[in-house]
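Chains as they are written, first to last, in numbering that gives the first Met the number 0: chain R, 0 to 360; chain V, 0 to 360; chain H, 0 to 360.
Think of the hints as simulated: they come from the structure by calculation, not from any bench. Certain hints may be false.
Unchecked claim - In silico BS3-like links for lysine-lysine, alpha-carbon gap of 25 Å or less:
no., chain 1, residue 1, chain 2, residue 2
1, R, Lys-316, V, Lys-55
2, H, Lys-283, V, Lys-301
3, V, Lys-283, H, Lys-55
4, R, Lys-55, H, Lys-283
Unchecked claim - To spell it out: a stretch of chain R is covered by chain V in this simulated footprint if at least three of its residues, at any positions, have a beta carbon under 8 Å from a beta carbon of chain V; those stretches are:
no., region
5, 124 to 136
6, 248 to 259
By construction, the Cβ of each residue, glycine as well, lies at the ideal position given by its N, Cα and C atoms.
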Amino acid sequence: MFIKNTWYVAGFEKEFGESFISRRILDLPLVLYRTSDGRYVAMDDCCPHRLLPLSKGKRVGDEMQCGYHGMCFSADGECTHVPGQTNIPSAARVATYPIEARHGFVWIWMGEADLADSALIPDVHWHNSPEWKSSQGYHHIEANYTLLNDNLLDLSHETYVHSRTIGNDEEESIAAYAAKTTVEHDCLVRAHREMPNIEAPPFFALVIGRPCRINRWQSAIHLVPSINLTVVGVHPVEEERADARIGHVLHLLTPESPGSTHYFWAFVRNYRLDDEELTEGIRKASAATFDEDKQILECQQKQMERLNSKVPQVAIKLDEAPIRARRLLEQRLEHEARNPRHVMAPPPLVPQHSFAILEEV
Amino acid sequence: MFIKNTWYVAGFEKEFGESFISRRILDLPLVLYRTSDGRYVAMDDCCPHRLLPLSKGKRVGDEMQCGYHGMCFSADGECTHVPGQTNIPSAARVATYPIEARHGFVWIWMGEADLADSALIPDVHWHNSPEWKSSQGYHHIEANYTLLNDNLLDLSHETYVHSRTIGNDEEESIAAYAAKTTVEHDCLVRAHREMPNIEAPPFFALVIGRPCRINRWQSAIHLVPSINLTVVGVHPVEEERADARIGHVLHLLTPESPGSTHYFWAFVRNYRLDDEELTEGIRKASAATFDEDKQILECQQKQMERLNSKVPQVAIKLDEAPIRARRLLEQRLEHEARNPRHVMAPPPLVPQHSFAILEEV
Amino acid sequence: MFIKNTWYVAGFEKEFGESFISRRILDLPLVLYRTSDGRYVAMDDCCPHRLLPLSKGKRVGDEMQCGYHGMCFSADGECTHVPGQTNIPSAARVATYPIEARHGFVWIWMGEADLADSALIPDVHWHNSPEWKSSQGYHHIEANYTLLNDNLLDLSHETYVHSRTIGNDEEESIAAYAAKTTVEHDCLVRAHREMPNIEAPPFFALVIGRPCRINRWQSAIHLVPSINLTVVGVHPVEEERADARIGHVLHLLTPESPGSTHYFWAFVRNYRLDDEELTEGIRKASAATFDEDKQILECQQKQMERLNSKVPQVAIKLDEAPIRARRLLEQRLEHEARNPRHVMAPPPLVPQHSFAILEEV
Chain R
0 MFIKNTWYVA
10 GFEKEFGESF
20 ISRRILDLPL
30 VLYRTSDGRY
40 VAMDDCCPHR
50 LLPLSKGKRV
60 GDEMQCGYHG
70 MCFSADGECT
80 HVPGQTNIPS
90 AARVATYPIE
100 ARHGFVWIWM
110 GEADLADSAL
120 IPDVHWHNSP
130 EWKSSQGYHH
140 IEANYTLLND
150 NLLDLSHETY
160 VHSRTIGNDE
170 EESIAAYAAK
180 TTVEHDCLVR
190 AHREMPNIEA
200 PPFFALVIGR
210 PCRINRWQSA
220 IHLVPSINLT
230 VVGVHPVEEE
240 RADARIGHVL
250 HLLTPESPGS
260 THYFWAFVRN
270 YRLDDEELTE
280 GIRKASAATF
290 DEDKQILECQ
300 QKQMERLNSK
310 VPQVAIKLDE
320 APIRARRLLE
330 QRLEHEARNP
340 RHVMAPPPLV
350 PQHSFAILEE
360 V
Chain V
0 MFIKNTWYVA
10 GFEKEFGESF
20 ISRRILDLPL
30 VLYRTSDGRY
40 VAMDDCCPHR
50 LLPLSKGKRV
60 GDEMQCGYHG
70 MCFSADGECT
80 HVPGQTNIPS
90 AARVATYPIE
100 ARHGFVWIWM
110 GEADLADSAL
120 IPDVHWHNSP
130 EWKSSQGYHH
140 IEANYTLLND
150 NLLDLSHETY
160 VHSRTIGNDE
170 EESIAAYAAK
180 TTVEHDCLVR
190 AHREMPNIEA
200 PPFFALVIGR
210 PCRINRWQSA
220 IHLVPSINLT
230 VVGVHPVEEE
240 RADARIGHVL
250 HLLTPESPGS
260 THYFWAFVRN
270 YRLDDEELTE
280 GIRKASAATF
290 DEDKQILECQ
300 QKQMERLNSK
310 VPQVAIKLDE
320 APIRARRLLE
330 QRLEHEARNP
340 RHVMAPPPLV
350 PQHSFAILEE
360 V
Chain H
0 MFIKNTWYVA
10 GFEKEFGESF
20 ISRRILDLPL
30 VLYRTSDGRY
40 VAMDDCCPHR
50 LLPLSKGKRV
60 GDEMQCGYHG
70 MCFSADGECT
80 HVPGQTNIPS
90 AARVATYPIE
100 ARHGFVWIWM
110 GEADLADSAL
120 IPDVHWHNSP
130 EWKSSQGYHH
140 IEANYTLLND
150 NLLDLSHETY
160 VHSRTIGNDE
170 EESIAAYAAK
180 TTVEHDCLVR
190 AHREMPNIEA
200 PPFFALVIGR
210 PCRINRWQSA
220 IHLVPSINLT
230 VVGVHPVEEE
240 RADARIGHVL
250 HLLTPESPGS
260 THYFWAFVRN
270 YRLDDEELTE
280 GIRKASAATF
290 DEDKQILECQ
300 QKQMERLNSK
310 VPQVAIKLDE
320 APIRARRLLE
330 QRLEHEARNP
340 RHVMAPPPLV
350 PQHSFAILEE
360 V
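One chain only, chain R, in its complex shape (with noise of 0.2 Å):
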């Protein structure tokens, strides 16, 4: 149920400090680290002498010392020490995965080591960009990924799900706007929707500074199987479209589990890049509404868990993207459980800029 050969994120660059992080991902443990040389580590959460997990031994120096009986392990995994005795036992290892940093994010490959090409870390450089600034957070959500991939793919829920924040109350939802889906080299659902003069929601009038009808557009961007983008641009109506404020919504999801997910998110604008209180302000607002779908989406896992998934379910037409998403899901599964070599290169998530999507509709 995971894709394996591909790029998921492992955590936030600025986590990686002196220390180590334990964290769950495709359903195993792990102890994350940065060699204090600078390279990335990722290896198996237990020592193979009596399974005790690493990460309730220490660090010490740029190897993890397991807290029972001392046995120390190296960044490639290897042996070190075994205390009461100088041989190593050979089988006295663990594994590692291929793990590296880009944009500012730590990024992992839990699939055949060597097919682990960081020219397939999907471009996501506005993360770290000096043209842009970042608002940025992580929610756990009690949920498998692909629920999170629906709801990042139809957006209408903000009319239901955000009503205080990024959706509002009045009389044309969201979903009366119809949204134009396309999908790209088998692997991209782009979904994009205009929704000229509306008041503008609660956190628009924050970015805009007061409230204020607005033109606004989204563009939904999917990359399978995790990778997530929402493209925002709204301008007061009496502005012109090229002076937009325009947001790139980072969704980066990494399962947990098969009923939980890491949800990496950034907020990332291109003005006001100074304006330390408004990156806050978008921060907090941010976390508030993911608060909002960290509710439905676990409320929705238990729900499915419970009936088995063995009502059907129906389907309408604001499930285009998200329908579109899964199946080129469920075909790079069947790729990869035919032939455990299979590699798919991601496509840029925007052909240029932002603007570019915008000319085309």
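Fit chains V and H to the known structure of chain R by using the hints.
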């Protein structure tokens, strides 16, 4: 394990206001409400689109609106609105169940809908009759409903479980007074017991207004599958039986799941009708009594789950009424399994009024 | 997975007063008490009538009265009273188990009752001998008892798990001192280690009364299936071995369930017998030490459940004693499976007194 073609209590009438109730009945999660024109509604608590419980959304007028994508469902379970499109998929509906108010309770029928004849609702008119006064409440019990039936049909447990309320510790235990058990119409069990000249347990001292010796009698009445009535009569030994304080205690059980039960109860009395302090005193004392049963029953349920019912149980004389009731239940379960349209008309719980029983014995 | 024909500790003698104890042993819930004439009782904690645990009722004299319907059971497990009837059904009895007090502990035999010879109780007389002084306690450990055996037979973990109490962080780790392992009578394992001229860890500085360099030795002694004794000796390097402070640390393990263990422990010393402050100091330090083990063991148990024991574990030299003990346990389990009347007589844990071991080495 549940009889379906029968009326269960879904709630007290007074619970139904402008909002809605989310309640699981016979292991099915339901949304319950009363429309603005007084019609009662019970529907599956599950949106057919993405399976989110409708109770996570909101009531809009007399419809339920899903909290995820805004689909709306009428009191008939029909979808009335799908955001983003005008046609309604034919599969977009939720199941509804016959439901109606009677005697201050709201009753639901989970079996074949066309068999739901309101004449089959058990007569518990005392609950909202002007000649009686009710003190009522609700307990959530983490035990199968048949364990509650057992409990209510053998009142000898009062000596041990309720020594602080309706039992007492004196040498004459309730078990010392033999109960006479009768079965009627293949669906009703009565167990009657007379206890002349005993010390009034705390609850009855409250009812009479002082400690004293009393004549006491009790009839445990059970209607398959889960309607129970305890008729209790007491008077000081120096007074006449005709002036006895009579209580009709309703124990209306609705299975929530195989391991839990909704327990709607009401202590209804024929004396001091305007004494509000007594009404509240009886409510508190009854709640405390049922708290004691809850502890025992939940402990017994855990034990039975642990032992997986493999341990043979020893039967004693006191089990006569509970065993007869269990046999009637098994019979009726078999009938309904063979014929899903099997229905039984409930006989009156009390032939004329509660004194009739007393004369008989 | 449990040896049945052996004596396990059911509790400390001092726990047995006028009430009763509810405790699960070898996955069986039991009621334990001492009658007014000093006889010990162990019976199933389950009324045969409605299966309610007898521990939810009360002790009446030397009998247990069920808290639901008042049935009473004598110290022999026979039903003595059924409310509402005079004859006692022959099936109305609960199982009892051989149980008796020795050395300040109360011992129970869960196997074939006629084999329960009190001569088979392990000799741990130091616990209540006038020549020794005991500091004792109890830990509930959510781990299988064999993980505790492993822990107690390889004391090298002190360096890593107990660096704040009986281990220390200095370069000489305990593992650096080789242990000599011997097996006796197919049921006893000893692992002895001498550690001359080391810095006293905090616990031993407390015992000696000051920081200093010490000669230290330790014998880990294990009697299948779950009796453990650690003999620890220390003296300042400038003093004589004959004047050493000797501690006999009893670790008497009783399986509660496959995943949890009752851990009755006592640190018994041969010095400063009247120093009550030291007795309490040792009790606190021991409890803190076993708290550290508890954390590791419970973490290991969860990991093993998660991995379902499918992961091969790497063996190292330090595992010699634990592996020998596990083999003896497997042998004995096989013997008992083939012959349910198989019994083994326990040899003395310490040949004469603890110095004997020291001379040998």
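How the hints compare with the structure:
Of the supplied pair hints, the one linking R:Lys-316 and V:Lys-55 holds, its CA atoms being roughly 22 Å apart against a limit of 25 Å. About 37 Å separates the Cα atoms of H:Lys-283 and V:Lys-301, which puts this hinted pair outside 25 Å; it is violated. Between V:Lys-283 and H:Lys-55 the CA atoms are separated by roughly 24 Å; this keeps the pair inside 25 Å, and the hint holds. The hinted pair formed by R:Lys-55 and H:Lys-283 meets the criterion: a straight-line CA distance of about 24 Å does not exceed 25 Å.
Beta-carbon proximity to chain V at under 8 Å applies to 0 residues in the region 124 to 136 of chain R; the threshold of 3 is not reached and the given coverage is violated. Coverage of the region 248 to 259 of chain R by chain V is violated. Counting CB-CB distances below 8 Å, 0 residues qualify, and the rule asks for three or more.
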